[in-house]
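There are 2 protein chains.
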Amino acid sequence: MRQKKFILPDSEIPKAWFNIQAIMPNKPMPILHPGTRQALKPQDLYPIFCEECANQELDQTNEWIPIPEEVREQYAAYRCTPLVRAYELEEALGTPAHIYFKNESVSPAGSHKLNSALAQAYFAKKQGITNITTETGAGQWGGALSYAAKKFGLECAVYMVKASYNQKPYRRSIMQTFGAAITPSPSMSTRAGKDIITVNPNDQGSLGCAISEAIELAVSTPNCKYTLGSVLNHVCLHQTVIGLEAEKQMALAGEYPDIVIACFGGGSNFSGIAYPFMRHTILEGKKTRYIAAEPKSCPKLTRGKFEYDFGDEAGLTPLLPMFTIGHTFKPATIHAGGLRYHGAGIIMSQLMKDGYMEAKDYDQTDTFKAGVLFARTEGIIPAPESCHAIACAIEEALKCKETGEKKTILFNLSGHGFVDMSAYDQYFSGEMVNYSPSEEELAKYIASADALNK
Amino acid sequence: MRQKKFILPDSEIPKAWFNIQAIMPNKPMPILHPGTRQALKPQDLYPIFCEECANQELDQTNEWIPIPEEVREQYAAYRCTPLVRAYELEEALGTPAHIYFKNESVSPAGSHKLNSALAQAYFAKKQGITNITTETGAGQWGGALSYAAKKFGLECAVYMVKASYNQKPYRRSIMQTFGAAITPSPSMSTRAGKDIITVNPNDQGSLGCAISEAIELAVSTPNCKYTLGSVLNHVCLHQTVIGLEAEKQMALAGEYPDIVIACFGGGSNFSGIAYPFMRHTILEGKKTRYIAAEPKSCPKLTRGKFEYDFGDEAGLTPLLPMFTIGHTFKPATIHAGGLRYHGAGIIMSQLMKDGYMEAKDYDQTDTFKAGVLFARTEGIIPAPESCHAIACAIEEALKCKETGEKKTILFNLSGHGFVDMSAYDQYFSGEMVNYSPSEEELAKYIASADALNK
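Chains A and B, in that order, are what the protein sequence lines are. FYI, this note's numbering numbers position 79 of the first sequence as 79, with every residue one higher than the one before it. FYI, this note's numbering numbers position 275 of the second sequence as 275, with every residue one higher than the one before it.
Check the hints yourself; a few may be wrong.
Copies of the same chain look alike in the list, so a pair counts if it works inside one copy or between any two.
To be verified - In silico lysine-lysine, DSS-like type, Cα no more than 30 Å apart, as pairs:
| # | residue 1 | residue 2 |
| --- | --- | --- |
| 1 | K126 | K5 |
| 2 | K399 | K126 |
| 3 | K125 | K5 |
| 4 | K194 | K407 |
| 5 | K353 | K444 |
| 6 | K444 | K5 |
| 7 | K248 | K5 |
| 8 | K369 | K125 |
| 9 | K150 | K407 |
| 10 | K41 | K399 |
To be clear, the hints were calculated from the coordinates, so they are not data collected in a lab.
In isolation and in its complexed conformation, chain A is listed as follows (with noise of 0.2 Å):
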């Protein structure tokens, strides 16, 4: 019988996060305080993060970072996670390339957020934090954060956009499970929430306004920090689990990744399968394309503009060095929540800038047209996010199929759709429709970050 799986044991879990900062041959530009223009030290992000998480974000040294015990016992629970040879979407497709695919959709959260999670919620315990928060859109983020916080034994109280809340109520009632305080944002609990609730008391939310709301919980509670789930390096090196495991998985299937894709938000699980490799191509000279997949609603790295912006849409955070449409860009409310971002990570921008990474954008009915098949095929209902990468691999492996070339295709199926199964349902309803901003439009919101850059 054919092999279809590549699994491994619990000890080949991971002993240390790979950290790309320390061999890019340029680094990323500083992190920028708004208002001095100074770049930040890790002790300017102490009052937000624990101290670990700052450390690591600004870390360009340490090629390795070790993974506690703890953590690992943790990741335990779900990883390794399988490594598995889509045979059956490959005979769809009648493809000469092999298609592979790390299935991150088996943590308890359903998606590799918990990744990045555990990790937070540990070093947060660690340091003798009581409370965490966050915000959430989507929700993936939230659940994950409420499962680990629940792991380590600390509170978590998790503001959820009001109109995620209202029409995600699958999303709201695992984090609820997992025994997180859910609010509503914007709510009463804040500041910056009353000050939106006075004006418009049906305020629907946003992620900015539940970012603003969180950071100010952390920042105004004793023992309280703040975690995010994305974007950030620290959080993106977390995520180096998922390639490390996939390197070893891959060399079990004797064979090594021509091209590796995962979708991409702010570049969590891209960096995650992509990283490891990329290690490869950077010290060894490795010739692997990265494939970073977008949707054509929230096109940042195939129409974005590197340069310095606001991380959220009110303006609050430091100034970051990135591929952006600008930090008020309203993306249109497509299913994939989870790629609903103006920016890209500091160190994948960098990448992105230096040719070791390419991007493609999609519309959203392509992108679950692929995820159909992928289901039908190989048997998993893939998250809306986790179409876009489906939807790259299968591109690729038709212009094999025309080419003849037989090459080796490794995508990261980031998380499982079984609650986001309305969207497939508006997919099949033929009533899906697709959103691409005008050339414009598109101006007008990357305007607001040059005038940053001046």
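Following the hints, put chain B in place on chain A, whose structure we already have.
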């Protein structure tokens, strides 16, 4: 680091199913034609089921039935499933017991049901069948069959109880994503459905009616066969891959179960985990307890009677010798839809009668309490059905805490609860109610079976 998961490579997927009928000290009593009261022969089942399944149903001779390579290849999408040591549940309980669970929730359909769906679809395909049909209430079986049909290139028609069709849109979407045709039942597509709709256009359906519609479609359509997800011997046979794997995995852990636990609807996941261990009890006298965990609202094993009864509400099936609370029993609409069945499979009924297994029943709220503790410790949100097994495992582990006994407890986690989050919502809201039929009520329903045994 302590070993959390015990995994097996694809090559260890079992090569044969274990047919407990061949070694039972007392074979199950015959299945009878309701009119003639003659024992059924396989040929009598051919009009409804595919021939291989009909033969397996009545096979009391062959202890091992080879698993076709084509089925093993499909099993490899998710099998071997992990065996997990529930360290953190143990710690939360403070028990000296060792608790293990077999995680069947990792299958594409989210439950163990796929183990038989793939086998049934394969045997249908091999016989030249082009269409298969079934009914579904909660939707677990319908989802599994939809996927299995797609994998073997069969058309699949599912009759879904109308109330579920409207209340469980996620389950419906999952079947649709896998490519099945879903018809709310009662429908105008069959005589049985028409008869109901013409009398009451707003009838919300029942499992009994959906079964009638599916069977009518099967017998009136060329090249179409009916399939069932539980109760029957061949279904339970296919499920033995669960226990066969678990046996090897327990050996990897250096343990052997003192207690094996599964939730109980018709018996498919119970038999799957229990039979392979029970083989050693029957053949070698191994002292293992086997506990079926059922809902107090549908207590066929704890309060039922062993006698001949119909398998369906409408009384269209052959007569089955089983523990039953009467085929006319109307179970309360608990969230564990998969456990709302009036009878136990005939093999298990005989084993129960002969003292090889025992049963416990649980209130709905107690099962959710157990499920939430499991989610918060082991990270997996369990299906409402699986919560019953967890409640039983916790109860046994707490007994060990009292006595100081270090027993080894193994339970089957039959499925995840990602599409059952509304049930958790209800639990957290405090609005969940319990239901247990009174003695009088139960006696009335059992009388419907008694009448067939005179």
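Here is how each hint holds up against the structure:
1. K126 <-> K5: So K126 and K5 pass the 30 Å test across copies only (26 Å; inside, 36 Å).
2. K399 <-> K126: neither (49 Å within a copy, 35 Å between copies)
3. K125 <-> K5: Only across copies: K125 and K5 sit 25 Å apart there, 36 Å inside one copy, limit 30 Å.
4. K194 <-> K407: So K194 and K407 fail the 30 Å test inside a copy (55 Å) and across (55 Å) alike.
5. K353 <-> K444: Answer is within; shortest intra-copy Cα gap is 22 Å, inter-copy 77 Å.
6. K444 <-> K5: neither (48 Å within a copy, 52 Å between copies)
7. K248 <-> K5: both (13 Å within a copy, 19 Å between copies)
8. K369 <-> K125: between (43 Å within a copy, 27 Å between copies)
9. K150 <-> K407: Between copies only: 27 Å across chains, 43 Å inside a chain, cut-off 30 Å.
10. K41 <-> K399: neither (46 Å within a copy, 55 Å between copies)
Hint check: violations occur at hints 2, 4, 6 and 10; the rest are consistent with the structure.
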